[in-house]
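Visitor: Protein sequences, first through last, are from chains A and B.
Under the numbering used here, the first residue of the first sequence carries the number 2, and numbering increases by one thereafter.
Under the numbering used here, the first residue of the second sequence carries the number 485, and numbering increases by one thereafter.
Rather than coming from a laboratory, the hints here were simulated on the basis of the structure.
Check each hint, because a few of them may be wrong.
Calculated lysine-lysine pairs in the PhoX-like style (CA-CA distance at most 25 Å, straight line) [to be verified]:
{"id": "1", "chain 1": "B", "residue 1": "Lys737", "chain 2": "B", "residue 2": "Lys673"}
{"id": "2", "chain 1": "B", "residue 1": "Lys767", "chain 2": "B", "residue 2": "Lys821"}
{"id": "3", "chain 1": "B", "residue 1": "Lys511", "chain 2": "A", "residue 2": "Lys78"}
{"id": "4", "chain 1": "A", "residue 1": "Lys129", "chain 2": "B", "residue 2": "Lys487"}
{"id": "5", "chain 1": "A", "residue 1": "Lys6", "chain 2": "B", "residue 2": "Lys588"}
{"id": "6", "chain 1": "B", "residue 1": "Lys632", "chain 2": "A", "residue 2": "Lys6"}
{"id": "7", "chain 1": "B", "residue 1": "Lys847", "chain 2": "B", "residue 2": "Lys821"}
{"id": "8", "chain 1": "A", "residue 1": "Lys402", "chain 2": "B", "residue 2": "Lys867"}
{"id": "9", "chain 1": "A", "residue 1": "Lys78", "chain 2": "B", "residue 2": "Lys496"}
{"id": "10", "chain 1": "B", "residue 1": "Lys867", "chain 2": "A", "residue 2": "Lys129"}
{"id": "11", "chain 1": "A", "residue 1": "Lys6", "chain 2": "B", "residue 2": "Lys627"}
{"id": "12", "chain 1": "A", "residue 1": "Lys368", "chain 2": "A", "residue 2": "Lys383"}
{"id": "13", "chain 1": "A", "residue 1": "Lys54", "chain 2": "B", "residue 2": "Lys805"}
{"id": "14", "chain 1": "B", "residue 1": "Lys867", "chain 2": "A", "residue 2": "Lys54"}
{"id": "15", "chain 1": "A", "residue 1": "Lys6", "chain 2": "B", "residue 2": "Lys604"}
{"id": "16", "chain 1": "A", "residue 1": "Lys54", "chain 2": "B", "residue 2": "Lys847"}
{"id": "17", "chain 1": "B", "residue 1": "Lys933", "chain 2": "B", "residue 2": "Lys805"}
{"id": "18", "chain 1": "A", "residue 1": "Lys347", "chain 2": "B", "residue 2": "Lys627"}
{"id": "19", "chain 1": "A", "residue 1": "Lys54", "chain 2": "B", "residue 2": "Lys933"}
{"id": "20", "chain 1": "A", "residue 1": "Lys402", "chain 2": "B", "residue 2": "Lys821"}
{"id": "21", "chain 1": "A", "residue 1": "Lys347", "chain 2": "A", "residue 2": "Lys368"}
{"id": "22", "chain 1": "A", "residue 1": "Lys91", "chain 2": "B", "residue 2": "Lys487"}
{"id": "23", "chain 1": "A", "residue 1": "Lys91", "chain 2": "B", "residue 2": "Lys847"}
{"id": "24", "chain 1": "B", "residue 1": "Lys673", "chain 2": "B", "residue 2": "Lys780"}
{"id": "25", "chain 1": "A", "residue 1": "Lys191", "chain 2": "A", "residue 2": "Lys292"}
{"id": "26", "chain 1": "B", "residue 1": "Lys661", "chain 2": "B", "residue 2": "Lys742"}
{"id": "27", "chain 1": "B", "residue 1": "Lys661", "chain 2": "B", "residue 2": "Lys767"}
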Amino acid sequence: MKTAKTATQNACKLCNPLGACLAFRGIEECVPFLHGSQGCATYIRRYLISHFKEPVDIASSNFNEDTAVFGGSHNLKLGLKNVTQQYRPKVIGLATTCLSETIGDDVDMILKEYVRLFDEGEPLPNGKPLPIMIHASTPSYQGSHIDGFHAALRATVEKLAENGAKKNLLNLFPNMVSPADMRYLKEVLKDFSVPYVLLPDYSETLDGGPWAEYHRIPRGGTPVNAIRETGMAAGSIEFASTLAADKSPAHHLEENFGVPRYTMAMPIGIQQSDAFFGLLEKLSETPLPEKYGDERRRLVDAYADGHKYIFGKTAIVYGEEDLVIAMTAFLAEIGITPVLCASGGKSGQLRKRLLELVPDIEEKGGKIRDGVDFVDIEDEAKALNPDLLIGNSKGYTLSRKNNIPFIRIGFPIHDRFGGQRLHHLGYRGTQELFDRIVNTVIEQRQSSSPVGYTYM
Amino acid sequence: MEKIGILEGRQKQIYEKKEDEAAFDIKCETTSLSGSVSQRACVFCGSRVVLYPVADALHVVHGPIGCAAYTWDIRGAVSSGPELHRLSFSTDLREMDVIYGGEKKLHRSLVELIDDYRPKAAFIYSTCIIGLIGDDIDAVCRKVSQEKGIPVLPVHSEGFKGTKKDGYRAACDALMKLVGKGSTEGIGKYSINILGEFNLAGEAWIIKNYYEEMGIEVVSTMTGDGRVGDIRRSHGASLNIVQCSGSMVKLAKMMEEKYGIPYLRVSYFGIEDMSKALYDVAKHFSDNPAIMEAAKALVSREVGELYPQLREFRNELEGKKAAIYVGGAFKAFSLIKALRSVGMNVVLAGSQTGNKDDYSGLKEMCDEGTVIVDDSNPVELSKFILEKEADLLIGGVKERPIAYKLGVAFCDHNHERKIPLAGFEGMYNFIREVYSSVMSPVWRFAPRKGGLSS
Numbered sequence: 002m003k004t005a006k007t008a009t010q011n012a013c014k015l016c017n018p019l020g021a022c023l024a025f026r027g028i029e030e031c032v033p034f035l036h037g038s039q040g041c042a043t044y045i046r047r048y049l050i051s052h053f054k055e056p057v058d059i060a061s062s063n064f065n066e067d068t069a070v071f072g073g074s075h076n077l078k079l080g081l082k083n084v085t086q087q088y089r090p091k092v093i094g095l096a097t098t099c100l101s102e103t104i105g106d107d108v109d110m111i112l113k114e115y116v117r118l119f120d121e122g123e124p125l126p127n128g129k130p131l132p133i134m135i136h137a138s139t140p141s142y143q144g145s146h147i148d149g150f151h152a153a154l155r156a157t158v159e160k161l162a163e164n165g166a167k168k169n170l171l172n173l174f175p176n177m178v179s180p181a182d183m184r185y186l187k188e189v190l191k192d193f194s195v196p197y198v199l200l201p202d203y204s205e206t207l208d209g210g211p212w213a214e215y216h217r218i219p220r221g222g223t224p225v226n227a228i229r230e231t232g233m234a235a236g237s238i239e240f241a242s243t244l245a246a247d248k249s250p251a252h253h254l255e256e257n258f259g260v261p262r263y264t265m266a267m268p269i270g271i272q273q274s275d276a277f278f279g280l281l282e283k284l285s286e287t288p289l290p291e292k293y294g295d296e297r298r299r300l301v302d303a304y305a306d307g308h309k310y311i312f313g314k315t316a317i318v319y320g321e322e323d324l325v326i327a328m329t330a331f332l333a334e335i336g337i338t339p340v341l342c343a344s345g346g347k348s349g350q351l352r353k354r355l356l357e358l359v360p361d362i363e364e365k366g367g368k369i370r371d372g373v374d375f376v377d378i379e380d381e382a383k384a385l386n387p388d389l390l391i392g393n394s395k396g397y398t399l400s401r402k403n404n405i406p407f408i409r410i411g412f413p414i415h416d417r418f419g420g421q422r423l424h425h426l427g428y429r430g431t432q433e434l435f436d437r438i439v440n441t442v443i444e445q446r447q448s449s450s451p452v453g454y455t456y457m
Numbered sequence: 485m486e487k488i489g490i491l492e493g494r495q496k497q498i499y500e501k502k503e504d505e506a507a508f509d510i511k512c513e514t515t516s517l518s519g520s521v522s523q524r525a526c527v528f529c530g531s532r533v534v535l536y537p538v539a540d541a542l543h544v545v546h547g548p549i550g551c552a553a554y555t556w557d558i559r560g561a562v563s564s565g566p567e568l569h570r571l572s573f574s575t576d577l578r579e580m581d582v583i584y585g586g587e588k589k590l591h592r593s594l595v596e597l598i599d600d601y602r603p604k605a606a607f608i609y610s611t612c613i614i615g616l617i618g619d620d621i622d623a624v625c626r627k628v629s630q631e632k633g634i635p636v637l638p639v640h641s642e643g644f645k646g647t648k649k650d651g652y653r654a655a656c657d658a659l660m661k662l663v664g665k666g667s668t669e670g671i672g673k674y675s676i677n678i679l680g681e682f683n684l685a686g687e688a689w690i691i692k693n694y695y696e697e698m699g700i701e702v703v704s705t706m707t708g709d710g711r712v713g714d715i716r717r718s719h720g721a722s723l724n725i726v727q728c729s730g731s732m733v734k735l736a737k738m739m740e741e742k743y744g745i746p747y748l749r750v751s752y753f754g755i756e757d758m759s760k761a762l763y764d765v766a767k768h769f770s771d772n773p774a775i776m777e778a779a780k781a782l783v784s785r786e787v788g789e790l791y792p793q794l795r796e797f798r799n800e801l802e803g804k805k806a807a808i809y810v811g812g813a814f815k816a817f818s819l820i821k822a823l824r825s826v827g828m829n830v831v832l833a834g835s836q837t838g839n840k841d842d843y844s845g846l847k848e849m850c851d852e853g854t855v856i857v858d859d860s861n862p863v864e865l866s867k868f869i870l871e872k873e874a875d876l877l878i879g880g881v882k883e884r885p886i887a888y889k890l891g892v893a894f895c896d897h898n899h900e901r902k903i904p905l906a907g908f909e910g911m912y913n914f915i916r917e918v919y920s921s922v923m924s925p926v927w928r929f930a931p932r933k934g935g936l937s938s
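Build the full structure now, drawing on both the sequences and the hints.
Guide: Here it is in structure tokens:
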């Protein structure tokens with residue numbers, strides 16, 4: 002076992018601005034913009050493109066030495082102008098970096114000065130009204146990518162949500178899920194006949210079709226007008242377990258516009274999905290559409306058909322805290338023993354929230370660890386010798402070295418095709434996960450068997 | 485379709501070759517325009533890519549987590565032995581470290597990591613905020629070096645302090661601190677170092693084998709399957725061979741100045757340039773005609789094998805149009821020649837970090853109507869691909885989705901490649917890569933190629 006632990010080795014997290022860029026990508030006609038070095042934008046683009054296989058344009062204010070000394074005001078204003086001219090966006094999603102935060106740029110003030118330029122007669126960069134500028138503070142030395150994701154959304158509703166007569170409208174904050182999950186959620190809400198605002202919605206912007214002509218900004222995303230109406234909604238559902246109230250967009254809507262907030266774990270597994278569909282039935286006053294009843298019945302049937310292959314298997318699950326919590330609940334539900342639930346994030350809430358969903362996890366030998374890296378996870382894996390490793394593709398090396406069958410979920414998936422189309426949520430997502438887990442166990446059994454059975 | 489314009493601040497970085505155009509004065513070697521969505525990264529990236537393949541060294545990124553996370557095992561630079569370079573180490577600075585300074589954390593991290601991983605040297609990369617919070621990483625490196633008895637080398641790569649090219653320089657400075665520290669005993673007269681070859685998919689091995697077949701000793705491949713020990717004795721070589729001119733010419737120049745080792749600039753891409761890279765070295769060692777004999781035999785054997793294979797590709801690829809956007813402009817020259825050898829024309833040639841000489845060279849080489857661009861961006865690249873009706877884009881990960889969205893073939897000629905594209909066998913692979921994208925039947929479904937648009 003390695004003893005060195007001061008440094009982070011093979012990080013199991015990414016930096017704050019990445020999450021913000023991803024969330025901003027889910028707003029219609031929005032260009033994410035990082036206030037910092039050119040490298041931040043480029044590295045994050047590369048990282049996102051490798052997963053989504055889609056263009057991800059992120060602008061940068063491109064600091065140089067003068068900027069660092071004299072402040073980023075000039076570069077930021079120039080950058081905003083250029084982005085407006087080149088992309089014609091409706092929204093610019095501005096996120097800060099360690100650099101701009103450390104030099105202490107007052108971004109809100111710079112934005113005010115920028116707007117004033119045009120009030121005072123400077124011609125508008127695109128001849129049209131200025132884009133809406135949303136500013137999220139996301140220094141990389143705080144939190145991790147998931148914090149940036151929520152920070153961008155919180156800043157978005159703070160900027161855009163409006164008061165007004167209550168509408169038959171439901172807000173859904175789905176957390177950092179796949180485009181496929183988002184499409185599923187939209188289908189569900191439509192089938193319940195509930196008008197909704199899904200925020201963010203990168204189901205199309207990050208998993209769209211080919212282009213007949215050039216698109217400056219890919220089609221799709223949550224429209225600005227819809228986000229304005231989130232303040233008039235009848236309720237907000239947020240899939241979040243460890244998100245602090247003061248960082249939650251749904252909480253902002255509750256505090257300022259009296260929109261009731263329903264917080265629940267990500268709906269993975271039957272119990273969590275039941276909770277989600279039950280809540281939808283209640284809020285929409287619509288019974289569960291037959292289609293989802295069918296999905297649930299098929300899933301229960303599949304659990305019965307597949308239970309023996311996986312019963313008592315042990316698993317390590319890692320990733321963002323909320324994903325780990327929901328996955329752990331699902332694994333416990335199907336008879337797999339999670340022996341390590343690990344996250345690179347460190348909200349301080351992981352253990353507490355996990356125990357709420359799976360109270361006996363520690364009694365059954367499950368360890369819960371936050372703030373870990375992949376070397377920590379590997380050290381644990383050597384001692385725990387699990388049957389399965391479940392998490393994003395960055396665990397591949399560890400799975401290969403230690404010969405642990407590996408199931409890829411979440412983000413990023415850099416070493417397989419189609420990560421953006423994986424389902425995780427609801428009965429359908431659970432079905433897909435269940436099938437993949439059972440098949441991984443069967444495959445392992447088959448390939449290590451001297452007989453080579455051709456049936457299960 | 486609406487016409488896509490060029491930003492005012494970018495117009496001088498773009499040139500379209502026209503007849504009787506008098507002055508050629510492309511603007512380059514400048515920082516990227518704010519808000520232009522440059523494809524470039526930063527100073528840190530420049531240092532990290534150059535030093536990355538030194539496989540028995542520890543690479544520690546001093547700063548918040550992102551810089552280390554995004555560069556963890558992202559290059560196809562392979563090693564024949566140790567693989568320390570494929571791990572990611574970061575001091576993962578948090579808010580309190582930013583307030584109180586990160587020196588202690590860096591020191592503790594280094595001591596622990598060196599004890600655990602026993603590297604032959606350590607490179608410490610400073611990121612954006614290190615300069616701002618005032619950490620003296622030189623002092624920490626000196627201290628750890630004394631305590632642990634290995635070279636611990638600071639790499640001054642604060643992201644905002646220049647461009648990627650400044651990062652190359654910082655990397656060369658760090659390497660130069662290793663050069664000259666080892667014994668040169670046993671190194672013969674006909675010996676070289678290979679610089680600027682990163683052993684992507686084993687390319688350095690291909691090149692090394694060629695030279696060894698010619699009777700030449702390769703002392704160090706420096707930054708491709710690199711070893712600290714080899715770099716330390718690399719000043720014993722008679723000649724430096726530099727590929728990827730942007731990144732490593734600085735080191736070659738420093739070695740020339742300090743140790744009197746001359747250098748040659750070469751490229752290993754395409755038949756013409758690969759052959760030249762071998763012949764030029766043979767010419768340098770003209771007092772030993774056996775070397776030239778061996779080079780001729782090697783080239784004739786390889787080319788003899790390759791030509792018939794390429795001819796078949798040529799039948800299909802002839803007349804197709806290619807757009808090239810790469811990191812260093814030097815590579816663009818070789819790619820243009822390589823594409824021409826199968827009858828393809830280049831309609832766009834651009835790079836992130838080319839200099840004036842590179843671009844005027846490109847201008848000479850290109851046909852009329854070719855666009856030459858410095859430090860471009862997705863909007864511009866899309867514009868030129870559409871306007872010039874390119875059939876193929878050559879670039880890296882960030883360029884790939886631009887091509888595919890528009891129904892254009894793509895060839896990855898960047899750090900992530902898993903198939904060797906250098907050398908004679910690399911030339912075959914390259915053309916096969918191009919062929920397998922250009923000729924794919926899937927494009928018939930792309931809206932721009934006649935497929936349904938919705």
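Visitor: So if I understand the rule, the pair passes when the alpha-carbon distance is 25 Å or less; does Lys632(B) with Lys6(A) pass?
Guide: Cα-Cα ~18 Å, so holds.
Visitor: Hint check: Lys402(A) vs Lys821(B), CA-CA at most 25 Å. Holds or violated?
Guide: Violated, because 42 Å separates the two Cα atoms, which is more than 25 Å.
Visitor: Tell me if the straight-line CA distance from Lys54(A) to Lys933(B) falls inside 25 Å.
Guide: Within the cut-off at roughly 20 Å; holds.
Visitor: Hint check: Lys91(A) vs Lys487(B), CA-CA at most 25 Å. Holds or violated?
Guide: holds (20 Å)
Visitor: Quick one, are Lys91(A) and Lys847(B) close enough, alpha carbons at most 25 Å?
Guide: Answer violated: Lys91(A) to Lys847(B) is near 39 Å, above 25 Å.
Visitor: Verify the proposed pairing of Lys347(A) with Lys368(A), using a straight-line Cα cut of 25 Å.
Guide: Holds, because 15 Å separates the two Cα atoms, which is no more than 25 Å.
Visitor: Lys673(B) and Lys780(B): Cα distance at most 25 Å?
Guide: holds (21 Å)
Visitor: Sort out whether Lys383(A) lies within 25 Å of Lys368(A), counting only the CA atoms.
Guide: holds (14 Å)
Visitor: Lys191(A) and Lys292(A) were given as a pair; does the straight-line alpha-carbon distance stay at or below 25 Å?
Guide: Answer holds: Lys191(A) to Lys292(A) is near 12 Å, not above 25 Å.
Visitor: Going straight from one Cα to the other, do Lys6(A) and Lys588(B) come out at no more than 25 Å?
Guide: holds (14 Å)
Visitor: Lys402(A) and Lys867(B) were given as a pair; does the straight-line alpha-carbon distance stay at or below 25 Å?
Guide: violated (45 Å)
Visitor: Take a quick look at whether Lys511(B) and Lys78(A) sit within 25 Å of each other, Cα to Cα.
Guide: holds (23 Å)
Violated hints for the displayed structure, listed by number in ascending order: 8, 16, 18, 20, 23, 27.
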